[in-house]
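Novice: This is what each chain is made of:
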Amino acid sequence: MSLDASDIERIAHLARLEIAPEAIERYAADLSNILDLVAQMEKVDTTDVEPMAHPLHMSQRLRPDRVSEHDQRELFQATAPLTEDGLYLVPKVID
Amino acid sequence: MQNKSIAQLAAELRLRNYSSVELTRHYLERIARLDPRLNSFISVASESALAAAERADRAIASGDAGPLAGIPIAHKDTFCTAGIKTSCGSRMLDNFVAPYDATVVERLAAAGAVVLGKTNMDEFAMGSSNETSYYGPVHNPWDQDHVPGGSSGGSAAAVAARLCAAATGTDTGGSIRQPAALCGITGIKPTYGRCSRWGMIAFASSLDQAGVLARSAADAACVLDEMAGFDPRDSTSADVAVPDYVDALDNDIAGLRIGLPKEYFGEGLDPRVAAAVLDAIKEYERLGATVKEVSLPNSPLSVPVYYVVAPAECSSNLARFDGVRYGHRCEHPKDLEDLYKRSRAEGFGAEVQRRVMIGTYVLSAGYYDAYYLKAQKIRHLIADDFARAFEDVDVIMGPTAPTTAFPLGAKTDDPVAMYLNDIYTIATNLAGLPGMSIPVEPVEGLPVGLQIIGNYFQEARLLNVAHRFQHVTHWHQVAPSGFE
Chain G
1 MSLDASDIER IAHLARLEIA PEAIERYAAD LSNILDLVAQ MEKVDTTDVE PMAHPLHMSQ
61 RLRPDRVSEH DQRELFQATA PLTEDGLYLV PKVID
Chain B
1 MQNKSIAQLA AELRLRNYSS VELTRHYLER IARLDPRLNS FISVASESAL AAAERADRAI
61 ASGDAGPLAG IPIAHKDTFC TAGIKTSCGS RMLDNFVAPY DATVVERLAA AGAVVLGKTN
121 MDEFAMGSSN ETSYYGPVHN PWDQDHVPGG SSGGSAAAVA ARLCAAATGT DTGGSIRQPA
181 ALCGITGIKP TYGRCSRWGM IAFASSLDQA GVLARSAADA ACVLDEMAGF DPRDSTSADV
241 AVPDYVDALD NDIAGLRIGL PKEYFGEGLD PRVAAAVLDA IKEYERLGAT VKEVSLPNSP
301 LSVPVYYVVA PAECSSNLAR FDGVRYGHRC EHPKDLEDLY KRSRAEGFGA EVQRRVMIGT
361 YVLSAGYYDA YYLKAQKIRH LIADDFARAF EDVDVIMGPT APTTAFPLGA KTDDPVAMYL
421 NDIYTIATNL AGLPGMSIPV EPVEGLPVGL QIIGNYFQEA RLLNVAHRFQ HVTHWHQVAP
481 SGFE
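The listed protein sequences correspond, in order, to chains G and B.
Numbering of the first sequence is given in our numbering, commencing with residue 1 and proceeding in unit increments.
Numbering of the second sequence is given in our numbering, commencing with residue 1 and proceeding in unit increments.
Be aware that a few hints might be false.
Cut-off 25 Å, straight-line C-alpha distance, at most; resulting in silico cross-link-like pairs (DSS-like, lysine-lysine) [claimed, not checked]: (1) LYS262/B x LYS43/G; (2) LYS334/B x LYS43/G; (3) LYS92/G x LYS334/B; (4) LYS262/B x LYS292/B; (5) LYS262/B x LYS334/B; (6) LYS292/B x LYS282/B; (7) LYS262/B x LYS282/B.
With beta-carbon atoms standing in for the labels, derived distance ranges [said to hold, decoys possible]: (8) ASP250/B x SER32/G: 48 to 54 Å; (9) ALA319/B x PRO64/G: 23 to 29 Å; (10) PHE76/G x GLU283/B: 49 to 55 Å; (11) GLU42/G x PHE265/B: 22 to 28 Å; (12) LYS43/G x THR473/B: 39 to 45 Å; (13) ARG37/B x PHE76/G: 36 to 42 Å.
Bear in mind the hints are in silico, worked out from the structure with no lab data behind them.
Just so you know, even glycine gets a beta-carbon here, dropped at the ideal spot from N, CA and C.
With the hints as constraints, model all of the structure from the sequences given.
Specialist: See the structure below:
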């Protein structure tokens with residue numbers, strides 16, 4: 001499996017990563033090599049094999065639907081890059 | 001002091017031969033003096049450690065002390081610790097102080113353990129050599145030009161160099177066992193779900209498991225006794241009773257049936273490592289065990305399957321690092337998308353970005369069935385191989401890693417070559433089984449690990465099997481030169 005520059009740009013966009021133009025070739029080579037390693041899976045017959053969603057075949061446990069956490073907004077926002085009046089600030093999204 | 005077992009330290013603290021404050025100062029002094037050669041710590045928490053030691057001394061004096069009261073340990077920097085930076089080895093979290101403790105941290109604190117600091121690790125636990133950390137590589141105490149193994153390499157190096165009595169680690173594809181092997185210590189990855197993942201920064205959620213790195217199986221049992229158990233806050237935590245691991249250490253192992261997977265002794269294995277591992281298995285035969293060849297026919301596929309499942313889950317887990325609520329944010333973003341893209345590009349290192357991109361690709365429209373679904377099906381076949389093997393044997397043994405520690409930088413330009421270092425450990429994570437690594441006879445001065453794999457929730461048996469070997473051998477007691 002060989003990925004080209006446009007594949008890398010598309011994947012980087014989906015992953016929300018900025019990739020420097022000079023790094024694209026390297027990423028294409030590295031990711032193609034990894035996909036070549038992964039291609040070994042193709043030769044395995046998996047007809048009628050159930051995918052393994054959980055190592056212990058357990059289903060997700062649900063907790064009771066009741067409030068168990070108190071408001072810690074100030075504590076959590078203390079580590080935020082930028083806040084104001086209890087809100088997280090980001091660049092303007094809507095004009 | 002630094003060469004005593006946890007049980008000895010606990011007994012001597014109770015006899016008041018020395019205080020926990022004295023013991024903690026002793027370890028802090030060793031860290032200050034010796035760690036510049038290793039870079040095994042990201043944060044040293046002297047003040048809070050000494051405060052915890054004082055509390056432990058008071059608890060001991062009042063007869064109200066927990067089992068690990070006053071014992072100095074370290075946490076891998078992926079466990080959230082209130083008041084101490086939790087970086088996960090990444091620039092992304094270089095400024096992050098978690099507002100809470102992980103369950104594992106909480107439980108060990110409740111048992112009285114003193115946290116000396118946070119250990120260095122591959123960034124977001126992605127790596128096999130501890131060279132991807134934002135804080136620089138960790139050096140192997142046995143030869144400082146060599147890697148300690150990854151991703152719990154800081155924990156492994158710190159324990160091997162006697163900079164702490166034990167340390168926590170996490171194992172997603174071998175990240176406790178492989179560095180334990182390369183640093184000549186004992187490491188145990190319990191069954192998936194045995195120790196809580198709550199407050200552990202997630203890498204690949206269906207594979208990640210917390211465990212212990214210690215000098216011996218007996219020390220590991222002391223720590224695991226306090227860490228293991230059901231946690232309602234972790235929805236993947238297993239609600240299965242935890243036996244007393246220390247109590248099980250001395251059980252007789254005569255009649256133990258050992259399986260040797262033929263696929264673990266083929267091409268790629270350094271013959272000197274193979275010889276050391278087979279010699280150790282002969283020791284088990286002298287202890288009354290029987291040995292039988294078993295087959296894990298799908299095990300060669302474990303690396304390819306892992307490099308679909310782990311990146312897929314990591315790309316999803318690492319989506320939360322967006323520069324908005326915590327972590328690194330780029331300067332002067334021109335819009336929201338620019339904020340996301342540049343914050344993540346600046347915050348994540350090359351290996352993390354590679355894996356996020358692979359994961360994004362294999363989960364993207366049109367590729368999910370060919371990659372992720374296919375990998376999850378083969379994962380089932382890998383787990384079935386183990387189930388068949390455990391019909392005939394009690395434990396499976398083999399090498400932990402194909403070679404001894406390699407020189408720093410030797411594989412950093414070739415991700416695929418690096419990935420193959422975990423070839424013998426990954427399958428147990430895919431299956432969710434417990435695994436251990438214990439030191440056997442070194443090769444040319446560098447440690448070699450024997451891997452012991454057990455059936456689900458058989459940690460007590462693994463620790464017992466390891467302890468019996470350590471009862472008749474001394475490899476776990478040898479300190480690296482300069483760190484005695």
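Novice: Go through the numbered hints given earlier and state which of them the structure violates, listing their numbers in rising order.
Specialist: 2 and 5
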